[in-house]
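J.: Could you put the whole structure together from the sequences, leaning on the hints where they help?
Single-letter residue listing:
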Amino acid sequence: MSDEELRKKYDVWDEKTNEMLKKFPERGNFRTTWEEDIKRLYTPLELGDYFEIGFPGKYPYTRGVQNTMYRGKLWTMRQYAGFGTAEESNKRYKYLLEQGQSGLSVAFDLPTQIGYDSDDAHSLGEVGKVGVAIDSLADMETLFEGIPLGKVSTSMTINSTAAILLAMYLNVGEKQGANRDKLRGTIQNDVLKEYIARGTYIFPPQPSMRVITNIFEFCSKEMPLWNTISISGYHIREAGADAVQEVAFTLADGIEYVRAAVKAGLDPNVFGKRLSFFFAAHNDFLEEIAKFRAARRMWAKLMKEKFNVTNPSAMKLKFHTQTSGSTLTAQQPENNIVRVTLQALAAVLGGTQSLHTNSRDEALALPTEESVKIALKTQQIIAYESGVAKTVDPLAGSYYIESLTDSIEKHAFEYIDKIEELGGMVNAIESGYVQQEISNRSYEYQKKIESGEQIVVGVNKFTVEETSSKRLLKVNDEIEKGQIGRLRALKRERDNKKVAKSLSVLENVARTDDNLMHPIIDAVRVYATVGEISNVLRKVFGEYKESITI
Amino acid sequence: MSNIQTHEYELLKGMEKRERRILAKVLSLCESDPGKANILLGKLPKSTAHIVGMTGSPGIGKSTLVNAILNEMPERRVAAIAVDPSSPFTGGALLGDRVRMQSHATSENIFIRSFASRGSLGGLSPSIYEACNAFESFGMNYVIVETVGVGQSEVDIVNVADTVVVALSPDNGDEIQMMKAGLMEIADMFVINKFDNPKSQILLSRLRAAMAMGRKEIPIYLTNALTGEGVSDLVKALNERFLTISSNGVLKKRRKNRLIHHAQSTLKRELDFLIEKIDLEEEGIDLDGLRRKLIHALCWNHSESRK
Amino acid sequence: MIKVMIAKPGLDGHDRGAKVVARTLRDAGMEVIYTGIRQTPEQIVQSAIDEDVDILGISILSGAHMKLVPKILELLREKKASVPVFVGGIIPDEDVDKLKEMGVIEVYGPGTSTSEISEQVKSFVEHSDT
Numbered sequence: 000m001s002d003e004e005l006r007k008k009y010d011v012w013d014e015k016t017n018e019m020l021k022k023f024p025e026r027g028n029f030r031t032t033w034e035e036d037i038k039r040l041y042t043p044l045e046l047g048d049y050f051e052i053g054f055p056g057k058y059p060y061t062r063g064v065q066n067t068m069y070r071g072k073l074w075t076m077r078q079y080a081g082f083g084t085a086e087e088s089n090k091r092y093k094y095l096l097e098q099g100q101s102g103l104s105v106a107f108d109l110p111t112q113i114g115y116d117s118d119d120a121h122s123l124g125e126v127g128k129v130g131v132a133i134d135s136l137a138d139m140e141t142l143f144e145g146i147p148l149g150k151v152s153t154s155m156t157i158n159s160t161a162a163i164l165l166a167m168y169l170n171v172g173e174k175q176g177a178n179r180d181k182l183r184g185t186i187q188n189d190v191l192k193e194y195i196a197r198g199t200y201i202f203p204p205q206p207s208m209r210v211i212t213n214i215f216e217f218c219s220k221e222m223p224l225w226n227t228i229s230i231s232g233y234h235i236r237e238a239g240a241d242a243v244q245e246v247a248f249t250l251a252d253g254i255e256y257v258r259a260a261v262k263a264g265l266d267p268n269v270f271g272k273r274l275s276f277f278f279a280a281h282n283d284f285l286e287e288i289a290k291f292r293a294a295r296r297m298w299a300k301l302m303k304e305k306f307n308v309t310n311p312s313a314m315k316l317k318f319h320t321q322t323s324g325s326t327l328t329a330q331q332p333e334n335n336i337v338r339v340t341l342q343a344l345a346a347v348l349g350g351t352q353s354l355h356t357n358s359r360d361e362a363l364a365l366p367t368e369e370s371v372k373i374a375l376k377t378q379q380i381i382a383y384e385s386g387v388a389k390t391v392d393p394l395a396g397s398y399y400i401e402s403l404t405d406s407i408e409k410h411a412f413e414y415i416d417k418i419e420e421l422g423g424m425v426n427a428i429e430s431g432y433v434q435q436e437i438s439n440r441s442y443e444y445q446k447k448i449e450s451g452e453q454i455v456v457g458v459n460k461f462t463v464e465e466t467s468s469k470r471l472l473k474v475n476d477e478i479e480k481g482q483i484g485r486l487r488a489l490k491r492e493r494d495n496k497k498v499a500k501s502l503s504v505l506e507n508v509a510r511t512d513d514n515l516m517h518p519i520i521d522a523v524r525v526y527a528t529v530g531e532i533s534n535v536l537r538k539v540f541g542e543y544k545e546s547i548t549i
Numbered sequence: 000m001s002n003i004q005t006h007e008y009e010l011l012k013g014m015e016k017r018e019r020r021i022l023a024k025v026l027s028l029c030e031s032d033p034g035k036a037n038i039l040l041g042k043l044p045k046s047t048a049h050i051v052g053m054t055g056s057p058g059i060g061k062s063t064l065v066n067a068i069l070n071e072m073p074e075r076r077v078a079a080i081a082v083d084p085s086s087p088f089t090g091g092a093l094l095g096d097r098v099r100m101q102s103h104a105t106s107e108n109i110f111i112r113s114f115a116s117r118g119s120l121g122g123l124s125p126s127i128y129e130a131c132n133a134f135e136s137f138g139m140n141y142v143i144v145e146t147v148g149v150g151q152s153e154v155d156i157v158n159v160a161d162t163v164v165v166a167l168s169p170d171n172g173d174e175i176q177m178m179k180a181g182l183m184e185i186a187d188m189f190v191i192n193k194f195d196n197p198k199s200q201i202l203l204s205r206l207r208a209a210m211a212m213g214r215k216e217i218p219i220y221l222t223n224a225l226t227g228e229g230v231s232d233l234v235k236a237l238n239e240r241f242l243t244i245s246s247n248g249v250l251k252k253r254r255k256n257r258l259i260h261h262a263q264s265t266l267k268r269e270l271d272f273l274i275e276k277i278d279l280e281e282e283g284i285d286l287d288g289l290r291r292k293l294i295h296a297l298c299w300n301h302s303e304s305r306k
Numbered sequence: 000m001i002k003v004m005i006a007k008p009g010l011d012g013h014d015r016g017a018k019v020v021a022r023t024l025r026d027a028g029m030e031v032i033y034t035g036i037r038q039t040p041e042q043i044v045q046s047a048i049d050e051d052v053d054i055l056g057i058s059i060l061s062g063a064h065m066k067l068v069p070k071i072l073e074l075l076r077e078k079k080a081s082v083p084v085f086v087g088g089i090i091p092d093e094d095v096d097k098l099k100e101m102g103v104i105e106v107y108g109p110g111t112s113t114s115e116i117s118e119q120v121k122s123f124v125e126h127s128d129t
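Residue numbers (numbering that gives the first Met the number 0), protein chains in the order written: chain A, 0 to 549; chain B, 0 to 306; chain C, 0 to 129.
Careful, some of the hints might be misleading.
Pairs of lysine-lysine residues, derived as DSSO-like cross-links and limited to a Cα-Cα distance of at most 27 angstroms, are as follows [as the list claims (entries may be wrong)]:
(1) A:K72 to A:K317
(2) B:K198 to A:K538
(3) A:K72 to A:K181
(4) C:K78 to B:K12
(5) C:K121 to A:K446
Keep in mind that the hints were calculated from the coordinates and are not lab data.
T.: Written as C-alpha cells, this is what we have:
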C-alpha cells in the first residue's frame, strides 16, 4: 500500500470512528508526560527514515550499542546498599567478594558527600546514615582493609568531593602496592545535576567544573582504567522532570563535560569511551522504552556532529538504570512490586547495560531482606522467563514506539538548543532556568494527582483502609559518636604541622590554574580530612547558594 | 495576622533592651498597621543608621553581594531588608532572597528581614519607611535595603536611602538600557559584580563613557561577591561616604527628602483608607457625591494656590 | 496576611515536596519564605523569629526527624517564640505520635493533598492567633 492509499484509508477510518464517538465517547484526553497529545492510532505513516532506526551496534545506535545485545550477555543486575561505618562496610564487601562478586559499590553518607567532617554542626543526625562515613584516609584504609584494590573494580557514588575520595582510594591502593594505573572503577562526579536536582553541591558551578576537569585530566594521564564520570538523569527525573526533560538536561550536562574535557586538551575520541550515563525507569511503559532509544540516538548525533568524533565507541551511550523511587507508594506497598516490574521491563526493552530494581518498601523504609530478594528476582524473571531478551530491540518498528522516540528526540533537542542559547548548562543552571522548568512540571503533576486526572492506584483511587507500619532506618547514635571519637583522636595524633602545610599548598594551587589532584593527594596522605580540604576550597571558590525556584 | 496584640509597653521595653524577638514583632506591626507603628516608634529614641539602597536588575547577584557585605561588617550592627514582589492576583509572595544570606541567620549583630511588595506601586514595601525607622530605633549602624530589581523601585529607593548602590553584571545585556531609565541619576556608587568575567571590562568602559557624557563622576567598584574579592573596598567606601555626607550636609538633605516622602506616603495611605472606609460607617448618605465634592475641593484648592 | 516559613533541615537535597508545598501556599495567597536546603536547627529557629512568621513548616526525608524536630522545638521554647510547627516527610506512625506529643501540630506524609495542607495551615494560623 502506498502512503497515499494508506492516508486515504486512514481518513475514512478516522471519520467513521469520530461518528462513533457521539455514541461511545472515549475516557478522556490522553497526553504524554511532556503534555503532547497522543493520537488514537499510529500507522506506518508515522515511520520516518529507516536510517534513524538502523541496526544495533551501528550509528545512530537507536537499537542498542551492541550487535547482539542480551543474546550475547545479559545486563548487569547491580543492587547496592550503604552501611554506617567503614568497618561494617568492609565486612560486607569481603562477604560479597567471597560470594564471587567482582565489583564493589560504595555509598557515602551525606556529610562525606558535601565535605563536612562528622563533628561539623551540619552533620548532626546524618553520620553513617545513607552510606559510609569517611573523614580521613584512616577510614578509607579501614574500608578497604584486606581487599586487593588492584584486583577489584569499585564504583563510588560521589560528586562534589570526588577528587578527595579518589585521592584516598589511590593512596590506599598504593599502600597495598597497587599502582594507580592499575586501579579500576567509577566515580559519579556529575556535579551539574547536583545543582539541578540532587543537592550535594558545594562550590559554584564554574569552580566545580574546574575540579571535574582536573580529575578528567589527571585520570587520563595517570589512571587510564578509571571511569571519570557517570552523567545522571535519574535524580533529575526524581525531582519531577518529564521524560523529555530527563533526556534533554542529562545530555546537556554531558555536552558541558565533553566541552570542558576538550578545552583541557583531551581527545573526545578517547575520552568519549570513558563516559557513562544513568537514567530512571518511570511508570509510563512505552514512553520509557522510547526515552532510552531516543537518548542513545541523540548522544551519538551530538558526539559526531558537535564534537566531530569519528571513533564509534566514543559515540555509544551506555547507561545504568534504576527504577523510579518516587513512584513507589506508602499505600498498599505490595503494588510496588508490580510497578518495579513494569519499570524494569521498560529499561530492558530500552537496552540498558545494568539495572537496579527498587525494593517494594525502599522509598519508605529500610527494605527487609525479603523485599530485597524479590527485587532481584524481578530482574531474573524478566531475563530468563519473559522472553524479551531473546532478540535485539524487539519493539523497534512499532508505529507508536518509533513515533514516541522521534518526538522525545525532537523536543529534547529543542531544550538543548535553548540551553545552548543561554550559553550552556552552567549559565542555564545559574539563571535557575532548568530548575524552574522541572519545578513547573512537578507542580502540574501534583495538581493532576489531586484533581484525579492522574490516577495512582491505592492513593487517589481504589484505596482501602489500611494500617501502615512504616519502618524507617533509625539513626544509630553510636555510629555518630564512634565516628566523631575516631576523628578527634586522629586530629590529635597525626602530624598537624604537615597537615597545615599541605592545606596551605592546596590553597595556593587552588588560586592558580594548576591541577588540584596532586595537592589533594598529598593532603589526604598526611591525613587531612574531607572537611578540612573542602573548607580550603570553600575559602577560595566560595559556596554555591541555590537560586530559589519553586 | 501576626500576634500584634503584644502590649505596647512590652514592645517599647523590648526595643530599648534590643530584644530581637520584639524587633521582629515591631516590624510586623509596620507591615500590618503602619499608623500604629509610627505612633509607637515616635516614642522611642532614634539613632542614625547609614541606610544603603542596593539596586540593579534581577539575577545579577544583589543578595549575594549583600551577603558579601555582611561578611565584611563583623563589628557593625547591620539590618538587611530584602523585598520580593507580591502576586497582583493572589497577594501571595515567595520571599527567596534570604537564602543567600542564611549563613548570617544566627549572627548576633545581623538581622535579616524579608518583605513582600504588597502591591506597592514602587515595588518597595509600602512600610519601608517605618521599617527603616524601627531599625534605627533598635540602634542599627547600617540598614541595607535590597530592591525587587524591576521598574520604578530602582528610582524610588533614592527617597529612602542615604546612599544608593547600583549593582551591574557583565552577564546582563540590558545594563546600558537601564542607565537610560534613570539609574545614572540616582546612583551614588556603581558596583560591577562578577568582575572576573572578561565582559566586565567592556561594561566598565561603557559605563565610563556614559558618565563622561553626564555631569557627575560616580565611583565604580569591582567585586566578586561569591569569593568576596573587592568587597572590603566597597565597605570601606561606604564607611567613608557616611562620614563625608554626615559633615557636608548631604545626609541632612537626604533625610529631609526621606521625611517628605514618608509624609506623602502616609498621607496617601490614610486618605485612601478614609475614602474607602466612609462607605462602611455612614449609610444613607450620597457618598459618591461626597467623593466628587472632595475631588473638586482638592483640585480647586490646588489650582488656586498655583495662580 | 499569613506569613509562613518552609524550612529544610538536614543535608539531603530532596526538596521536591517542600517546593510543591511552598508553591501551593504562595498560590493560596500567603507570603512564603522557603529557606532552601541544608539548614541547621539554629538557622531555622532564628530565621523564623526574625521573620516573625505565623507558622513554620519543616520538611524532612532523611530520617533524622527525631533528632532535628525536637531540637527545633527546644530552641523555639528557649527563645520564647510561640510559632506553631508542622512537619512533612516520611515519618513512621510511632514517631508521628511522639512528634505530636512534643507539640508538632500536624504531620503530613507522602500522598497528602496540597490543598488539604493549605486549608489546614490557614486554620492553624487563625486559631493560634487568638
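J.: When the structure is checked against the list of hints, which entries are broken? Sort them ascending.
T.: none
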